[in-house]
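Chains as they are written, first to last, in my numbering: chain A, 1 to 324; chain B, 1 to 663; chain C, 1 to 202.
Be careful, since some hints might not be right.
[To be verified] In silico lysine to any residue, SDA-like type, Cα no more than 25 Å apart, as pairs:
1) K219/B <-> L495/B
2) K21/C <-> A649/B
3) K591/B <-> P188/B
4) K591/B <-> A572/B
5) K591/B <-> F25/C
6) K591/B <-> A4/C
7) K21/C <-> P562/B
8) K219/B <-> R583/B
9) K574/B <-> P562/B
10) K591/B <-> F116/C
11) K574/B <-> L561/B
12) K460/B <-> L6/A
13) K122/A <-> D348/B
14) K591/B <-> V647/B
15) K460/B <-> A10/A
16) K258/A <-> P188/B
17) K652/B <-> V598/B
18) K10/B <-> S127/C
19) K69/A <-> G514/B
Hints were generated in silico from the structure; no laboratory data involved.
Values in this document were obtained by computation on a predicted structure and should not be read as measured data.
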Amino acid sequence: MNWRYLLPYAAILALAAATAWYLHGASLPVLDPKGPVGAAELRVMIITVLLCAIVVVPVFILLFYFAWKYRAGNTATHVDHSPDWDHDNWVAETIWWLVPAAIIAFLAVLAWQSSYALDPYKPLASAAPPLTVQVVALDWKWLFIYPEQGIASVNLVEFPADVPVHFELTADAPMNSFWVPSLGGQIMVMPGMETQLNLMASGVGDFSGSSANISGDGFSGMAFTARAVTQSEFDAWVQSAKDAARPLTLDAYDALAKPSSYDPVSLYAAPDENLFETIIDRVMMPADGAMDMNNDMNMDMPSMPGMDMHSMDMRMPMPVTTAP
Amino acid sequence: MNWAALIFGKLSWSVFPDNPIALGGAAFMVCCALLVLALITYAGRWKWLWSQWLTSLDPKRIGVMYIAVSGVMLVRGGIDALLMRAQQATSVGASDGILAANHFQQIFSAHGSIMIFFVAMGFMFGIVNLVLPLQIGSRDVAFPFLNSLSFWLFASGAVLINLSLILGDFSTAGWLAYPPLSELAYSPTTGVDYWLWSLQISGLGSLLAGLNFLITIIKMRAAGMTPMRMPVFVWSVAGSMSLVVFAFPILTATLALLALDRTLGMHFFTAGGGGNMMMYVNLIWAWGHPEVYILILPAFGIFSEVVPVFSGKKLAGYFSMVLSIWAIVFLSFLVWLHHFFTMGAEADVNAFFGIMTAVIAIPTGVKIFNWLFTMYRGRIRFYTPMLWFMGFVVLFTLGGVAGVVLAEPPADYQLHNSLFLVAHFHTMIVSGVLFGYFAGITYWLPKIFGFRLDESLGRKAFWCWLFGFILAFGPLYILGFMGATRRLDHYAAGLGWQPLFIVAGIGVLIIALGFAFQVAQLVRSIRQRRTALDTTGDPWDGRTLEWSTASPPPAHNFAVLPTVHSLDAFWAAKQEGTPADVRYEDIHMPKNTGAGIVIAGFVFLFGFGVVWHMWWLAIFGIAGAFISALVRTFAEDTEYVLSAAEVEAQEKARGRAPALMPL
Amino acid sequence: MTDAPMTGVREQEANAADGLKAFGFWVYLMTDLVLFASLFAAYAVLHTSTFGGPSGRDIFDLPFVLAETVLLLTSSFTCGLALLSARAGSARGTFAWLCATLALGASFVALEIYEFAGLVRAGDGPSRSAFLSSYFTLVGTHGLHVALGLPWILAVMAAILRRGLSRSSLRKLMLFSMFWHFLDLVWIFIFTVVYLMGANLL
Numbered sequence: 001m002n003w004r005y006l007l008p009y010a011a012i013l014a015l016a017a018a019t020a021w022y023l024h025g026a027s028l029p030v031l032d033p034k035g036p037v038g039a040a041e042l043r044v045m046i047i048t049v050l051l052c053a054i055v056v057v058p059v060f061i062l063l064f065y066f067a068w069k070y071r072a073g074n075t076a077t078h079v080d081h082s083p084d085w086d087h088d089n090w091v092a093e094t095i096w097w098l099v100p101a102a103i104i105a106f107l108a109v110l111a112w113q114s115s116y117a118l119d120p121y122k123p124l125a126s127a128a129p130p131l132t133v134q135v136v137a138l139d140w141k142w143l144f145i146y147p148e149q150g151i152a153s154v155n156l157v158e159f160p161a162d163v164p165v166h167f168e169l170t171a172d173a174p175m176n177s178f179w180v181p182s183l184g185g186q187i188m189v190m191p192g193m194e195t196q197l198n199l200m201a202s203g204v205g206d207f208s209g210s211s212a213n214i215s216g217d218g219f220s221g222m223a224f225t226a227r228a229v230t231q232s233e234f235d236a237w238v239q240s241a242k243d244a245a246r247p248l249t250l251d252a253y254d255a256l257a258k259p260s261s262y263d264p265v266s267l268y269a270a271p272d273e274n275l276f277e278t279i280i281d282r283v284m285m286p287a288d289g290a291m292d293m294n295n296d297m298n299m300d301m302p303s304m305p306g307m308d309m310h311s312m313d314m315r316m317p318m319p320v321t322t323a324p
Numbered sequence: 001m002n003w004a005a006l007i008f009g010k011l012s013w014s015v016f017p018d019n020p021i022a023l024g025g026a027a028f029m030v031c032c033a034l035l036v037l038a039l040i041t042y043a044g045r046w047k048w049l050w051s052q053w054l055t056s057l058d059p060k061r062i063g064v065m066y067i068a069v070s071g072v073m074l075v076r077g078g079i080d081a082l083l084m085r086a087q088q089a090t091s092v093g094a095s096d097g098i099l100a101a102n103h104f105q106q107i108f109s110a111h112g113s114i115m116i117f118f119v120a121m122g123f124m125f126g127i128v129n130l131v132l133p134l135q136i137g138s139r140d141v142a143f144p145f146l147n148s149l150s151f152w153l154f155a156s157g158a159v160l161i162n163l164s165l166i167l168g169d170f171s172t173a174g175w176l177a178y179p180p181l182s183e184l185a186y187s188p189t190t191g192v193d194y195w196l197w198s199l200q201i202s203g204l205g206s207l208l209a210g211l212n213f214l215i216t217i218i219k220m221r222a223a224g225m226t227p228m229r230m231p232v233f234v235w236s237v238a239g240s241m242s243l244v245v246f247a248f249p250i251l252t253a254t255l256a257l258l259a260l261d262r263t264l265g266m267h268f269f270t271a272g273g274g275g276n277m278m279m280y281v282n283l284i285w286a287w288g289h290p291e292v293y294i295l296i297l298p299a300f301g302i303f304s305e306v307v308p309v310f311s312g313k314k315l316a317g318y319f320s321m322v323l324s325i326w327a328i329v330f331l332s333f334l335v336w337l338h339h340f341f342t343m344g345a346e347a348d349v350n351a352f353f354g355i356m357t358a359v360i361a362i363p364t365g366v367k368i369f370n371w372l373f374t375m376y377r378g379r380i381r382f383y384t385p386m387l388w389f390m391g392f393v394v395l396f397t398l399g400g401v402a403g404v405v406l407a408e409p410p411a412d413y414q415l416h417n418s419l420f421l422v423a424h425f426h427t428m429i430v431s432g433v434l435f436g437y438f439a440g441i442t443y444w445l446p447k448i449f450g451f452r453l454d455e456s457l458g459r460k461a462f463w464c465w466l467f468g469f470i471l472a473f474g475p476l477y478i479l480g481f482m483g484a485t486r487r488l489d490h491y492a493a494g495l496g497w498q499p500l501f502i503v504a505g506i507g508v509l510i511i512a513l514g515f516a517f518q519v520a521q522l523v524r525s526i527r528q529r530r531t532a533l534d535t536t537g538d539p540w541d542g543r544t545l546e547w548s549t550a551s552p553p554p555a556h557n558f559a560v561l562p563t564v565h566s567l568d569a570f571w572a573a574k575q576e577g578t579p580a581d582v583r584y585e586d587i588h589m590p591k592n593t594g595a596g597i598v599i600a601g602f603v604f605l606f607g608f609g610v611v612w613h614m615w616w617l618a619i620f621g622i623a624g625a626f627i628s629a630l631v632r633t634f635a636e637d638t639e640y641v642l643s644a645a646e647v648e649a650q651e652k653a654r655g656r657a658p659a660l661m662p663l
Numbered sequence: 001m002t003d004a005p006m007t008g009v010r011e012q013e014a015n016a017a018d019g020l021k022a023f024g025f026w027v028y029l030m031t032d033l034v035l036f037a038s039l040f041a042a043y044a045v046l047h048t049s050t051f052g053g054p055s056g057r058d059i060f061d062l063p064f065v066l067a068e069t070v071l072l073l074t075s076s077f078t079c080g081l082a083l084l085s086a087r088a089g090s091a092r093g094t095f096a097w098l099c100a101t102l103a104l105g106a107s108f109v110a111l112e113i114y115e116f117a118g119l120v121r122a123g124d125g126p127s128r129s130a131f132l133s134s135y136f137t138l139v140g141t142h143g144l145h146v147a148l149g150l151p152w153i154l155a156v157m158a159a160i161l162r163r164g165l166s167r168s169s170l171r172k173l174m175l176f177s178m179f180w181h182f183l184d185l186v187w188i189f190i191f192t193v194v195y196l197m198g199a200n201l202l
């Protein structure tokens, strides 16, 4: 037996060993979630891989077995055949159409159930009341507005552990995507629209977040921190923002929104009333403020498909029906 | 009246690159181009090049030109990849790497655009040109002139996208340029315009080529070749071209709408003005998903040719293989939303598309099983094409698992736009599309050029590509799980990402070595071609009609058009023996013409004019293209005749002296 | 392919080649249909996004549109008559009906340009809102196709002048008429979806 045949397998084994050694002790947030959403999403991944293995493992075994056994040099297996010796094998065909189909059927049920269960818009089941955080993606930083607490922060979103956080998100920048992999999946954020995400941390800790959609030169500087703390620590943090007494007026917001990247964490107090809604509406409204927003919404834009102007939902537009 | 702006548009002295790497790249490209021109002049080969190649309507020649252009573009896309890896391996913590953020973003946008539109599509159309007419027993495609025009439009697009390296900048919005980033407000430079028009121009060429090949298959098959006697490669091309014909107009429309936004200030996709950026995402992926199946189906078809021949056994499950092609074609129009599960659609919408995406794995799996069972009880010869197949099964299956994971919407919520996604689609495209096309090129090159390729260098190339790929993309799967998003030009220290990026960089270097081996293989094979001549026309003991012709075939392919009685027609003929007497007839062949070059040249001027806002040039270009096309329709002397006597003489001579590609 | 008289196998081959070109052009028209379908889809999504500007009801002038429709449909009719004349062997008849088609088609384009120019002058051009962008583009793309058909008619007429009703002239006429009727079909969709539904008559 030619030892050279074994070289590729040895190389693969060596690579696998090196990988395992490297990963031991490494941090893989997606595989080590710190919140129920991430954990559920990971379960979906694992079930999928296991189901696929039912097909993939036989494929690998057969590939290498056939390649070895029926290689031209192995004269022992030579079968004398005319061109048509191998009639279509309907048994084999049935198996390899139906078995994958059955697996896909399981995966279909999984897709249906998990898409509903893990809908980003679905509020999380919890005894604690949700904390609302409004998120604005800017060039190239994240602004977090806490309407109930009356504070705001840049590049740091702090919240109590074991409390569901209800995010309302928009952008005043190109399309972005809000992602904290330790806690769960991402959601795209777009200017002029509002979307939602619900996440929760199962314990205290610092989790890194980023933007997962390119939005311009400084996009790599959009890393932020999501910090889960105890309730008292959270209250103290809110108080510290108020004490810093930097009001987030519309003018202060406009200054903040100017392009900058790798911004340090900063805290604001007293964000303007309805600042979040104003930011959204400014994109959607024509520049000449002469328009009467209310009238126009009812007449010319009666049923922005799926997009209610007040709490602009970012659901997929349904086929348009014109208003009567 | 600002005459300078009117004449020169946005051109100015500041449009040349301003950093060393970009300047170096531009200079290198210009030098290579000048070197090639100089070599041709020195060898006195302009007339030959013009009359034998550039103006040829012979699909075998057009196919070689497609592959040549794609090979060059592969170098450009590959250098982009090396630069990206170098940046991501070094730009961590306090270091900013070797590229500015804006430059890095141009590079990955160029990398993706070039690899899809100018490498993969080019290789595909090249191989189809080389093989399809021969395999169906035809002399040519349905519309020979359109074939030439399609190639030259493709080349025009390639020139335009390469010009962006020298004049101005390129798009920084990724290979699909989502708005509003790609709108004027966020991308005011010429970058997105270059991207847009080079794709639009080559996309037009692709559409016409798809139409051409589809009709060729429907109308130009040899007598007796009923659909169920067609080789599976032909079926796969039929499926792929059907997708081209349905999907590419969507791309044309979408790019046009973005162009209208950017050039005439319209509001299709802008933020504000009523624009809807989500509509762009839907439209572009309604094209984009069929596009990846356009690329993979012919690769599957190639494996369906290679595996039976090198297993010495007919393809298992012919009917299943055909059925699975059409299942894939049909389903590929029902999955596009899986590219943006995270855009916020309702659960039932996401679930539907996730389910359809998973379903499309079924026909793909069926194909793999049929290939495996073709090997079963065969006599497998591991020539290079078969090695590419083995590498394909190993990698593509694993990448497919990643795809099924991503097809579950909640899993995608985590992994979308992470490096896991990047690793997945590269696995599919490199191990599926690229390995398949490499297998095809090594398999069919003897037919086209008349000599076999050096096996030893071919094997080295394969192993480098295989292990290079594993090293380059294995770490990316892991990085995805580590929360690394794609397209980052810099990341924080202490995350444990850098060593993986370094390994990935080494992997790309090994792939580059593999490519070098392929070039070396070509060079060595050409130099020692007389020792590896294919004198029989059938170097692999093939099964299909192309192997019944000389290597290389004459321009008219077949002296007498074959009549087909079964599947694997050539194999059957070999078993039964060839007929004793044949009747030769006059053959009408299309004459060479430069009209395709002229029309495409005008279209290029139009594209350049629009990009640089030189409106006079744009109008001149589009009018010139239209008029040249009109003039061509009046051309009457477009054919030449090969008399029956000449055909007979050529056929008789074939037996005596080996014929190399007439050079 | 020459226009020389052919018999037997050569004639069969010539007929097959012509049929092939016609089939190819059909497939091309189907791809054009997908292009228009994409523009219709964009219009469907964007037609309520008036961004404070006018809506369809405000700008559509139905009598005007009716005139355009009559012109275009009649031009399709005259094009059919041209084809019939050609089949009957009358070069002069074909020529005349093609002139009529040209005149009617040119009038259609002129009316459309007039409508568009009026809107732009009133400040309701395609950059005013997404609705107007999609309206101008959908209707304008159709108009552009018609406009490109006009020099095509001239080319067919030139071919007939040069070679009479030869094989190649007949083929050119046939392909042109397929194109022209196709544009008619698209117009009927535009008329219905954009104008009639926009004015809430449907």
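A quick look at each hint next to the structure:
1. K219/B <-> L495/B: It is violated: about 59 Å lies between the C-alpha atoms, which goes past 25 Å.
2. K21/C <-> A649/B: violated (33 Å)
3. K591/B <-> P188/B: violated (46 Å)
4. K591/B <-> A572/B: Violated, at about 34 Å.
5. K591/B <-> F25/C: holds (22 Å)
6. K591/B <-> A4/C: With Cα atoms ~18 Å apart, K591/B and A4/C stay inside 25 Å; holds.
7. K21/C <-> P562/B: holds (24 Å)
8. K219/B <-> R583/B: holds (23 Å)
9. K574/B <-> P562/B: Satisfied, since the Cα-Cα distance of roughly 13 Å is no more than 25 Å.
10. K591/B <-> F116/C: Distance of about 46 Å is beyond 25 Å: violated.
11. K574/B <-> L561/B: holds (17 Å)
12. K460/B <-> L6/A: holds (16 Å)
13. K122/A <-> D348/B: With Cα atoms ~13 Å apart, K122/A and D348/B stay inside 25 Å; holds.
14. K591/B <-> V647/B: holds (17 Å)
15. K460/B <-> A10/A: holds (17 Å)
16. K258/A <-> P188/B: Holds: K258/A and P188/B sit about 17 Å apart, inside 25 Å.
17. K652/B <-> V598/B: violated (39 Å)
18. K10/B <-> S127/C: holds (22 Å)
19. K69/A <-> G514/B: violated (29 Å)
Of the numbered hints listed earlier, those contradicted by the structure are 1, 2, 3, 4, 10, 17, 19.
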